[in-house]
Amino acid sequence: ASLVIGNTIDEDPLMEQEFIDTRLQFLNYCQKNNLQFDELRRAKHTTMMLLCNLHNPRAEREQQVKVHLQIIAHASCCNGPPACMSTNCRRMKQLFSHVRGCEITYKRGCKMCVRLFMLLTKHARDCDSVGSFAIP
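This note's numbering numbers the first residue of the sequence shown as 30 and each following residue consecutively.
Since the hints were made in silico from the structure, they are not lab data.
For glycine and all other residues, C-beta sits at the position ideal for the given N, C-alpha and C.
Certain hints may be false.
Calculated cross-link-like contacts (lysine-lysine; reagent style DSSO-like; alpha-carbon spacing at most 30 Å) [stated by the list, open to error]:
hint, residue 1, residue 2
1, 61, 95
2, 151, 140
3, 122, 140
4, 136, 122
5, 140, 95
6, 122, 61
Just the calculated beta-carbon pair ranges, DEER-fashion [what the hints assert, rightly or not]:
hint, residue 1, residue 2, range
7, 130, 154, 22 to 32 Å
8, 155, 34, 41 to 51 Å
9, 136, 87, 25 to 35 Å
10, 42, 129, 42 to 52 Å
Given these sequences and hints, build the entire structure.
Next up, the structure:
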(Lines of atoms letter the chains of each structure in order from A; the text may use other names.)
(Lines give C-alpha, C1' and ligand atoms only; values in the text may rest on other atoms or scores of the structure.)
Protein backbone atom coordinates (compact mmCIF):
# COMPACT_ATOMS: atom_id res chain seq x y z
CA ALA A 30 0.00 0.00 0.00
CA SER A 31 1.41 3.33 -1.05
CA LEU A 32 0.95 6.35 1.12
CA VAL A 33 -0.24 9.51 -0.68
CA ILE A 34 0.51 12.71 1.17
CA GLY A 35 -1.47 15.78 0.19
CA ASN A 36 -2.38 17.21 -3.16
CA THR A 37 0.14 17.49 -6.01
CA ILE A 38 -1.82 20.10 -7.94
CA ASP A 39 0.05 23.42 -8.22
CA GLU A 40 -2.24 26.18 -6.97
CA ASP A 41 0.10 29.06 -7.84
CA PRO A 42 -0.66 31.08 -10.98
CA LEU A 43 1.68 30.65 -13.94
CA MET A 44 4.27 33.39 -14.22
CA GLU A 45 5.76 34.27 -17.58
CA GLN A 46 9.16 35.89 -17.75
CA GLU A 47 10.78 36.52 -21.09
CA PHE A 48 14.31 35.95 -19.76
CA ILE A 49 13.61 32.29 -18.97
CA ASP A 50 11.47 31.32 -21.96
CA THR A 51 14.35 29.65 -23.79
CA ARG A 52 17.82 28.44 -22.89
CA LEU A 53 19.39 31.11 -25.09
CA GLN A 54 17.42 33.93 -23.46
CA PHE A 55 18.36 32.60 -20.03
CA LEU A 56 22.03 32.39 -21.02
CA ASN A 57 21.96 35.95 -22.40
CA TYR A 58 20.29 37.20 -19.22
CA CYS A 59 22.89 35.51 -17.04
CA GLN A 60 25.77 36.86 -19.13
CA LYS A 61 24.35 40.40 -19.16
CA ASN A 62 23.94 40.38 -15.38
CA ASN A 63 27.15 38.47 -14.57
CA LEU A 64 25.22 35.59 -13.05
CA GLN A 65 27.26 32.38 -12.78
CA PHE A 66 26.82 28.80 -11.62
CA ASP A 67 30.47 27.70 -11.72
CA GLU A 68 30.94 27.65 -7.91
CA LEU A 69 28.50 26.85 -5.12
CA ARG A 70 28.73 30.39 -3.70
CA ARG A 71 27.99 31.96 -7.09
CA ALA A 72 25.22 29.46 -7.81
CA LYS A 73 23.50 30.38 -4.54
CA HIS A 74 23.82 34.09 -5.28
CA THR A 75 22.58 33.66 -8.86
CA THR A 76 19.61 31.61 -7.69
CA MET A 77 18.65 34.27 -5.16
CA MET A 78 18.98 37.02 -7.79
CA LEU A 79 16.78 35.06 -10.20
CA LEU A 80 14.15 34.46 -7.51
CA CYS A 81 14.23 38.11 -6.56
CA ASN A 82 13.73 39.11 -10.17
CA LEU A 83 10.91 36.61 -10.62
CA HIS A 84 9.07 37.93 -7.58
CA ASN A 85 9.82 41.60 -8.24
CA PRO A 86 10.26 42.07 -12.01
CA ARG A 87 10.03 45.85 -11.73
CA ALA A 88 13.13 46.07 -9.52
CA GLU A 89 15.60 45.78 -12.41
CA ARG A 90 13.71 48.31 -14.51
CA GLU A 91 13.50 50.73 -11.59
CA GLN A 92 17.26 50.41 -11.08
CA GLN A 93 17.87 51.19 -14.77
CA VAL A 94 15.63 54.28 -14.56
CA LYS A 95 17.49 55.43 -11.44
CA VAL A 96 20.85 55.10 -13.23
CA HIS A 97 19.55 57.02 -16.26
CA LEU A 98 18.28 59.82 -14.01
CA GLN A 99 21.72 60.03 -12.37
CA ILE A 100 23.32 60.30 -15.82
CA ILE A 101 20.87 63.07 -16.78
CA ALA A 102 21.68 64.97 -13.59
CA HIS A 103 25.42 64.60 -14.22
CA ALA A 104 25.28 65.51 -17.92
CA SER A 105 23.09 68.56 -17.29
CA CYS A 106 25.79 70.26 -15.19
CA CYS A 107 28.96 68.70 -16.67
CA ASN A 108 31.31 70.65 -18.93
CA GLY A 109 32.31 67.54 -20.85
CA PRO A 110 35.77 66.79 -22.27
CA PRO A 111 38.55 67.11 -21.29
CA ALA A 112 37.37 67.23 -17.64
CA CYS A 113 34.82 64.41 -18.12
CA MET A 114 35.54 61.44 -20.37
CA SER A 115 32.38 59.47 -19.49
CA THR A 116 30.79 57.77 -22.49
CA ASN A 117 27.38 57.90 -20.79
CA CYS A 118 27.74 61.65 -20.24
CA ARG A 119 28.69 62.17 -23.89
CA ARG A 120 25.71 60.10 -25.07
CA MET A 121 23.31 61.99 -22.82
CA LYS A 122 24.64 65.32 -24.11
CA GLN A 123 24.04 64.02 -27.64
CA LEU A 124 20.47 63.17 -26.62
CA PHE A 125 20.01 66.69 -25.22
CA SER A 126 21.29 68.09 -28.51
CA HIS A 127 18.95 65.85 -30.49
CA VAL A 128 15.92 66.94 -28.43
CA ARG A 129 16.77 70.63 -28.93
CA GLY A 130 16.92 70.26 -32.71
CA CYS A 131 14.38 67.49 -33.35
CA GLU A 132 11.66 68.38 -35.84
CA ILE A 133 9.46 65.41 -34.92
CA THR A 134 9.54 65.87 -31.09
CA TYR A 135 8.02 63.57 -28.50
CA LYS A 136 4.51 64.80 -29.32
CA ARG A 137 4.69 63.23 -32.77
CA GLY A 138 6.47 60.08 -31.68
CA CYS A 139 10.25 60.57 -31.92
CA LYS A 140 11.51 57.62 -29.89
CA MET A 141 14.60 59.43 -28.60
CA CYS A 142 12.57 62.45 -27.49
CA VAL A 143 9.91 60.23 -25.90
CA ARG A 144 12.59 58.38 -23.93
CA LEU A 145 14.05 61.56 -22.45
CA PHE A 146 10.60 63.05 -21.83
CA MET A 147 9.47 59.94 -19.92
CA LEU A 148 12.61 59.99 -17.75
CA LEU A 149 12.16 63.69 -16.98
CA THR A 150 8.47 63.17 -16.21
CA LYS A 151 9.39 60.39 -13.75
CA HIS A 152 11.99 62.65 -12.15
CA ALA A 153 9.48 65.50 -11.84
CA ARG A 154 6.95 63.18 -10.17
CA ASP A 155 9.40 61.69 -7.69
CA CYS A 156 11.68 64.64 -6.91
CA ASP A 157 11.48 66.21 -3.47
CA SER A 158 14.09 68.91 -4.16
CA VAL A 159 13.04 72.51 -4.22
CA GLY A 160 14.52 74.51 -7.08
CA SER A 161 15.25 73.89 -10.69
CA PHE A 162 16.74 70.96 -12.56
CA ALA A 163 18.78 72.56 -15.34
CA ILE A 164 18.58 70.58 -18.56
CA PRO A 165 20.50 72.26 -21.38
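Fill in: Non-conforming hints, listed in increasing numerical order
The structure breaks none of the hints.
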